[in-house]
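S.K.: The chain contents come next:
Number of protein chains: 2
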Amino acid sequence: MNNVYVIGVGLIGGSFAIDIKSLYPSCNVYGIDSNSNHIEEALELGFIDSEATIQDLENAEVVIVAIPVDATLKVLPEVLDHISDETIVFDAGSTKEDICLQVKDHKRRRNYLAAHPIAGTEFSGPKAAIKGLYKDKTNIICEVEDTAFKLQEKALGLFSELGMRIRYMNPKAHDKHIAYVSHLSHISSFMLGKTVIEKEKNERDIFDMAGSGFESTVRLAKSSPAMWTPIFEQNKTNVIETLDEYISNLTHFKTLMEKEDFDAVYKEMEDTNHIKHILNGIK
Amino acid sequence: MNNVYVIGVGLIGGSFAIDIKSLYPSCNVYGIDSNSNHIEEALELGFIDSEATIQDLENAEVVIVAIPVDATLKVLPEVLDHISDETIVFDAGSTKEDICLQVKDHKRRRNYLAAHPIAGTEFSGPKAAIKGLYKDKTNIICEVEDTAFKLQEKALGLFSELGMRIRYMNPKAHDKHIAYVSHLSHISSFMLGKTVIEKEKNERDIFDMAGSGFESTVRLAKSSPAMWTPIFEQNKTNVIETLDEYISNLTHFKTLMEKEDFDAVYKEMEDTNHIKHILNGIK
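As given, the protein sequences belong to chains A and B, one line each in that order.
Residues in the first sequence are numbered consecutively from 1, following this note's numbering.
Residues in the second sequence are numbered consecutively from 1001, following this note's numbering.
Warning: the hint list may mix true and false statements.
Claimed, not checked - Lysine-lysine pairs mimicking PhoX-like chemistry, simulated, CA-CA at most 20 angstroms apart:
hint: 1; chain 1: A; residue 1: 199; chain 2: B; residue 2: 1276
hint: 2; chain 1: A; residue 1: 199; chain 2: B; residue 2: 1172
hint: 3; chain 1: A; residue 1: 172; chain 2: B; residue 2: 1199
hint: 4; chain 1: B; residue 1: 1254; chain 2: B; residue 2: 1236
hint: 5; chain 1: B; residue 1: 1176; chain 2: A; residue 2: 254
hint: 6; chain 1: A; residue 1: 176; chain 2: B; residue 2: 1267
hint: 7; chain 1: A; residue 1: 236; chain 2: B; residue 2: 1107
hint: 8; chain 1: A; residue 1: 199; chain 2: B; residue 2: 1267
hint: 9; chain 1: A; residue 1: 201; chain 2: B; residue 2: 1276
hint: 10; chain 1: A; residue 1: 74; chain 2: A; residue 2: 107
hint: 11; chain 1: B; residue 1: 1236; chain 2: A; residue 2: 199
hint: 12; chain 1: A; residue 1: 150; chain 2: A; residue 2: 107
hint: 13; chain 1: A; residue 1: 172; chain 2: B; residue 2: 1201
Just so you know, the hints here were simulated from the structure itself, not pulled from any lab data.
What you are looking at is a predicted structure, and each value in this text was computed from that prediction instead of being measured.
Take these sequences, add in the hints, and give me the full structure.
M.R.: If you want it as structure tokens, here you go:
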């Protein structure tokens, strides 16, 4: 593998670059980023060799698009305009329907693989990039049949070398399910953080009384608004549906407490304990 | 230290026993538990030396009450009935107002220290007990002035040996703040788990698509209903208030999405990112 171009040298793109450089030490990795500080940081961290531009992509063997999903809608068609016939382009966006629609009729559609590696942390930027981020993680591939077979093979080979397991899904199903298991968690966490901050004007009180449980549920509230706002925008319909159901479940729980029906409160929790068995497989 | 009686040999009581045995290898640690399987497990794990009953407490130097808070209301006065003048009793309950009220006029009130170590995991039972659980954790002490000075000293000395930092608070303030930073997190997590389980009948889909973010926000939904139901019951007024505010914040977020005001959605998240600085101190 040679001439890998990473567009967006943050947590996601940077972690791909780190693992690719470790697998292919002689591979040239180029970085493209609208933030010149990020390019400098990525060069210093050593996971890219030099800066490049969209115009250079005709030399690319692999292009990884790892930028906010609103920017992807704009940049991905430009990327496809500039690559060669042999280039494989994949993205890492947390929405798939709008992105797939955007390039549906592009003459180089077959050079693009729609991907969503379910991996990340609450941090962002080049310094957040880590080795092995993708190991044992799921990568959801959409519309695989619309990617040229040989190019699919190249991308899937790389994912396999990174230790990922693959699931195939259509973009509509992806966006619907991911609203539940990812997008809703972020909003529940952000609003939990907001509720506590609003109440606890005196931060020492939060700091001193908060334990690891609070930290765990509020962790995602550290996430980047620049990354998450366009995700919520593109997946608006599904996310609003999940919020409706979540709010309705919370309201029901509150009503049970108001009615002092603590047997029912117990049962709500007991039924949900079942999540243990589901989560046992994650990590 | 000798003759320590642990009432409730689960995660919290067991972790105290483990650390006390490590600090005082020759200390006799007795276990009292309504669940005889738990006593057997605790004996096998070796963190108690023998089983005891409430009637044996006149020999106790220290009694640790680590049972669900509804059971504490019943058991704590019985404990105080049976101890000697020199015994210090402390609890570990996540509510303080009702418990302090319950023993307010007990003739041995001065033998009791109302404590809430902010420590735990989502697991329960003797096997969940771990060494060092209390290291660097906060222990909130209520109504310290109502405990005999020499007995305070003994308990605080132990907490210090376990590595805990102490905060003093009145029971009303404790219950109000803890509703925000602990009780609400548990409900937000349980209802998130419920929302996702209800939607995703096909568990493989959750399993495959859920990442570490979902796992983190839903972790507390594994918690014990037997422990949490009486906490919510005793802290009903405060918890309902936090739920009102949480639901209102979620509804506002949803309204912003429905109005497609994504600048405001961005700002909601940006303002809450501030939680980073608050959380930096926790661990």
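S.K.: All hints are to be evaluated individually against the structure, with a verdict given for each.
M.R.: Hint check results:
1. Note on residue 199(A) and residue 1276(B): the hinted pairing holds, with a Cα-Cα distance of about 16 angstroms set against a maximum of 20 angstroms.
2. The suggested pairing of residue 199(A) with residue 1172(B) holds, with an alpha-carbon distance near 15 angstroms, which does not exceed 20 angstroms.
3. Proximity of residue 172(A) to residue 1199(B) is assessed by CA-CA distance (about 15 angstroms); at most 20 angstroms being required, the pair is judged to hold.
4. Distance restraint check for residue 1254(B) and residue 1236(B): the Cα-Cα separation of roughly 26 angstroms exceeds the 20 angstroms cut-off, and the hinted pair is therefore not satisfied.
5. Between residue 1176(B) and residue 254(A) the alpha-carbon distance is near 17 angstroms, which keeps this suggested pair within the 20 angstroms criterion.
6. With a C-alpha separation of about 25 angstroms, the suggested pairing of residue 176(A) with residue 1267(B) is violated against the 20 angstroms cut-off.
7. Between residue 236(A) and residue 1107(B) the CA atoms are separated by roughly 61 angstroms; this puts the pair beyond 20 angstroms, and the hint is violated.
8. For the suggested pair residue 199(A) and residue 1267(B), the alpha carbons sit about 18 angstroms apart, so the restraint of at most 20 angstroms is met.
9. Distance hint between residue 201(A) and residue 1276(B) is fulfilled; the C-alpha atoms sit about 15 angstroms from each other, no more than 20 angstroms.
10. Restraint check: the Cα-Cα separation between residue 74(A) and residue 107(A) comes to about 16 angstroms, which is no more than 20 angstroms; the hinted pair holds.
11. Taking the CA atoms of residue 1236(B) and residue 199(A), the gap is about 17 angstroms. The hint holds against a cut of 20 angstroms.
12. About 17 angstroms separates the Cα atoms of residue 150(A) and residue 107(A), which keeps this hinted pair within 20 angstroms; it holds.
13. With a CA separation close to 17 angstroms, the supplied pair residue 172(A) and residue 1201(B) stays within the 20 angstroms bound.
Of the numbered hints listed earlier, those contradicted by the structure are 4, 6, 7.
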